[in-house]
Amino acid sequence: MGGQSIERREILRYIGIAAVAASFPGFSRWVFACPIDHPRPAAPQPQSQAYKPLFFSGEQFRMVEHLAEMIIPEDETPGAKQAGVAEFIDFMIANRVPVSTSRDIRSTDDAIAAGSEAQNRFVAGLDWMNARSQSLFRHEFMQCAPEEQNSLLEELAYKEKFKSTTEAGRAFFQMMRDYTVVGYYTTEIGLETLGDPGLQTAWSQIPGCPHPDDPEHKNLREPAGAGVANNT
Amino acid sequence: MLALLTILERGRVLAAKNFDVIVVGTGAGGSTAMKILCEAGLQVCAVNSGPRTDPAKDYRQHRQVYDLKFRGYGDPLRLQGKAHQEPYSVEESEYSEGRDLFEHDVAYSNAPGTDWYWKRCKATGGKANFWGRSSARFGDIDFKAADLDGFGENWPVDYREISPWFSRAERYMGVASTIQNRPSNPDGEYLPAFPFRCIDYIIQKGGEKIGVPYLPDRCAQLTVAHNRHPACHYCGNCSRGCDVGSFFSPTWFTIPDAEATKNLTLLTNALVRAVLVDESGTANGIAYVDRTSRREVEVHAKVVVLAASCVETAHIMLNSKSRHWPAGIANSSGELGKNLCDHLYGNPGYGYLPQLLGQPPRPDNIADSTIAWMPRWQNLKNPREEKFIRGYSVYMGGGCGGFPGYFGQLEGFGSKFKRDIKRYYPATIGGLVQAPSLPSPTNYVDIDPEKKDIFGIPQLRFQFRWGENELLMWEHSKQVMIDLFKAIGGELWGADGEPNRPGTSLHETGVCRFGNDPKKYVTNKWAQTHDVPNLYICDASIFPSCTDKTTTMPIIAFTMRTCDYMLDNFKSGVHKRA
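If you read the sequences in order, they're chains A and B. So for the first sequence, numbering that gives the first Met the number 0 puts the first residue at 0; every next one is plus one. So for the second sequence, numbering that gives the first Met the number 0 puts the first residue at 0; every next one is plus one.
I should point out that these hints are in silico values taken from the structure, not numbers from a laboratory. The reader is advised that the hints may include incorrect statements.
[What the hints assert, rightly or not] In silico DSSO-like cross-links for lysine-lysine, where the CA-CA straight-line distance does not exceed 30 Å:
id: 1; chain 1: A; residue 1: K217; chain 2: B; residue 2: K208
id: 2; chain 1: B; residue 1: K519; chain 2: A; residue 2: K158
id: 3; chain 1: B; residue 1: K143; chain 2: B; residue 2: K519
id: 4; chain 1: B; residue 1: K380; chain 2: B; residue 2: K477
id: 5; chain 1: B; residue 1: K380; chain 2: A; residue 2: K158
None of these values were measured; they are calculated from a predicted model.
Starting from the given sequences, assemble the full structure and let the hints guide the process.
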């Protein structure tokens with residue numbers, strides 16, 4: 000049903016962006032109002048030491064945390080761990096919030112079915128990763144060397160390295176990556192790495208394009224290290 | 000609320016006060032009617048189906064997504080047990096903290112083969128609290144389309160006649176745009192326009208190469224302070240309600256104006272079931288269900304205005320059966336509920352502009368608005384030039400802002416993946432086609448013969464499918480995007496596989512169409528029903544056809560005109576005061 004619920008009011012913000020939610024229906028379904036009365040409900044705080052997972056076992060949680068950090072690592076800017084992505088995933092999975100689903104959600108039952116499916120897929124997916132690393136490297140995933148972990152993920156992440164036998168693993172990786180990206184870029188840390196203008200909630204005016212004398216923007220140079228530099 | 004109620008038989012109650020006018024619905028049309036009629040000194044009772052909107056509690060108020068427990072997705076159990084559990088998106092979100100603004104108690108049905116998505120905001124102000132603000136004038140290319148291409152019939156009003164009310168609506172609301180000298184998209188009275196973003200200049204140049212106009216949209220958003228309303232502060236949260244009233248909404252504009260007159264009685268949580276009639280079949284009030292007590296209440300008035308949002312207006316009328324009106328009030332033509340139209344929405348193409356990759360993030364979307372669009376350019380010189388008749392418009396968006404929803408297009412993981420996400424942030428663009436469906440005898444609403452809602456009111460049933468003409472426009476728009484991306488040096492990632500579900504645009508029109516012939520139309524050119532002279536309609540249900548433009552500003556303009564006519568009727572004694 001990709002992109003079914005993209006609509007103008009959201010598209011104004013995310014058009015071409017949420018447009019692409021076609022490939023990620025979960026996000027375009029920015030739905031279900033929250034029944035809680037607190038003005039600012041507290042989300043689970045990123046504090047790995049003390050955090051007690053709601054859904055995952057301790058071992059599963061550490062693996063989720065590790066995978067999330069591999070997907071969005073700390074480099075010039077903070078990574079998934081610092082942004083509390085594993086806690087986000089645990090919380091959303093435990094509450095059966097369908098963050099990444101191809102299902103069409105038209106009722107509470109649909110939402111719960113999608114959320115339950117995500118629970119099962121996560122558990123099965125982590126098991127798959129361990130079985131795969133056992134067969135490749137004779138260790139569970141977390142016991143493998145970093146380069147082994149990396150090569151396992153690469154064969155799930157890059158088309159040219161896909162193998163016909165890893166379909167289930169690729170589906171899990173895609174879901175894991177969806178949850179990680181959503182978890183990271185819905186935090187202040189994540190949005191700051193992008194320089195999201197929405198973090199500033201009052202502007203005296205819209206600055207507009209700074210290069211109106213180059214309407215086709217043919218003469219822009221991509222800044223060295225683009226995407227890496229801090230935006231301040 | 001009404002202080003004095005008289006108990007009638009079977010537990011029904013009657014409001015003690017009689018009003019000059021009852022207005023059903025407080026959205027763009029209803030609240031405009033309330034304002035004008037109250038300011039003219041009439042005693043008005045406005046009836047709203049849900050609670051009062053309170054911006055301080057109901058709106059986003061600059062909260063960020065990370066302030067929300069479920070990061071905006073909300074608790075999946077939120078609608079458990081509700082009669083209508085399908086979640087609405089965007090307008091209804093975790094930002095409103097589960098406040099009861101949207102309709103989930105009253106169910107509706109779809110006939111087999113119909114997949115209508117009926118989104119209803121029941122709180123005061125309705126969907127106009129959260130609307131998209133695009134406010135183009137309709138032109139004679141719309142009003143006299145039948146003369147041009149031979150399909151259907153003209154509107155009973157032409158541009159010359161309505162344009163003073165367009166001006167009045169624009170002056171009241173405040174609309175930002177530029178003078179563009181295109182008769183198909185007539186110019187109005189405008190505040191300064193939004194400046195173009197990088198993507199807008201690039202798209203405009205590309206559009207020139209392929210013969211597609213790309214111009215500032217008409218946005219009802221205050222680029223400067225206007226009529227005591229503050230200029231926009233560009234927090235970018237418009238679609239979740241404005242915290243200060245820097246764009247037109249009933250909550251900040253018309254409802255406070257109406258209340259300032261002290262001539263308004265506003266009833267909330269009052270779900271209107273039917274228009275009541277007297278011995279002669281003339282409207283004399285309404286019956287509503289008080290959602291809290293579940294009691295049925297009657298209110299009486301000399302004139303009734305329905306502005307319940309297009310199909311709900313037809314729903315109420317179809318359910319208003321009496322000895323005089325066995326098929327629903329003012330339905331001697333049998334046309335009530337017929338010719339439902341909608342905008343076909345869908346993304347005909349999205350991708351990115353390589354020339355913007357890696358540029359520093361810029362505040363491209365802090366207005367949360369349609370900065371620019373491609374107003375209809377098809378079939379202008381020759382109405383039969385394309386395979387389809389009439390025409391569509393396309394909004395374009397993109398650039399920096401919010402969540403990087405394009406990440407699924409980027410392969411991999413790790414630092415490279417993270418850098419790529421940032422690198423593409425300023426560069427993605429995409430479209431939204433707005434293609435009008437043609438009136439069709441197979442697209443209509445009626446009353447479900449069996450199902451009733453939890454208040455015992457017979458449900459509305461939709462019968463609607465996209466027709467060939469609008470689907471041809473959809474295909475055409477996808478080819479245009481391919482050509483455009485070539486012309487701008489962009490990389491196209493894809494397009495929606497199929498259009499959005501009917502109803503998505505919130506631009507339904509028709510079902511109580513206006514026209515001069517009482518045998519073919521429900522109301523006359525003043526939106527006064529042919530059959531019942533003291534029953535008026537102030538919403539998009541009167542529009543006999545859909546155009547490439549949005550409906551809210553025209554609803555307000557036509558409502559102003561209808562109310563002026565009604566006031567003349569009060570002055571001349573056609574309508575008596577209560």
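Notebook entry, point to check: Under the criterion that the straight-line Cα-Cα distance not exceed 30 Å, is the pair K519 of chain B, K158 of chain A satisfied?
Noted result: violated (60 Å)
Notebook entry, point to check: Within a Cα-Cα threshold of 30 Å, do K380 of chain B and K158 of chain A meet the stated pairing?
Noted result: violated (49 Å)
Check: Regarding the pair K380 of chain B and K477 of chain B, is the alpha-carbon distance no greater than 30 Å?
Finding: holds (22 Å)
Checklist line | Holds or violated: K217 of chain A to K208 of chain B, with C-alpha atoms at most 30 Å apart | finding: holds (16 Å)
Item checked: Restraint check for K143 of chain B with K519 of chain B, where alpha carbons must lie at most 30 Å apart -> holds (17 Å)
This entry does not satisfy hints 2 and 5, going by the numbered hints stated previously.
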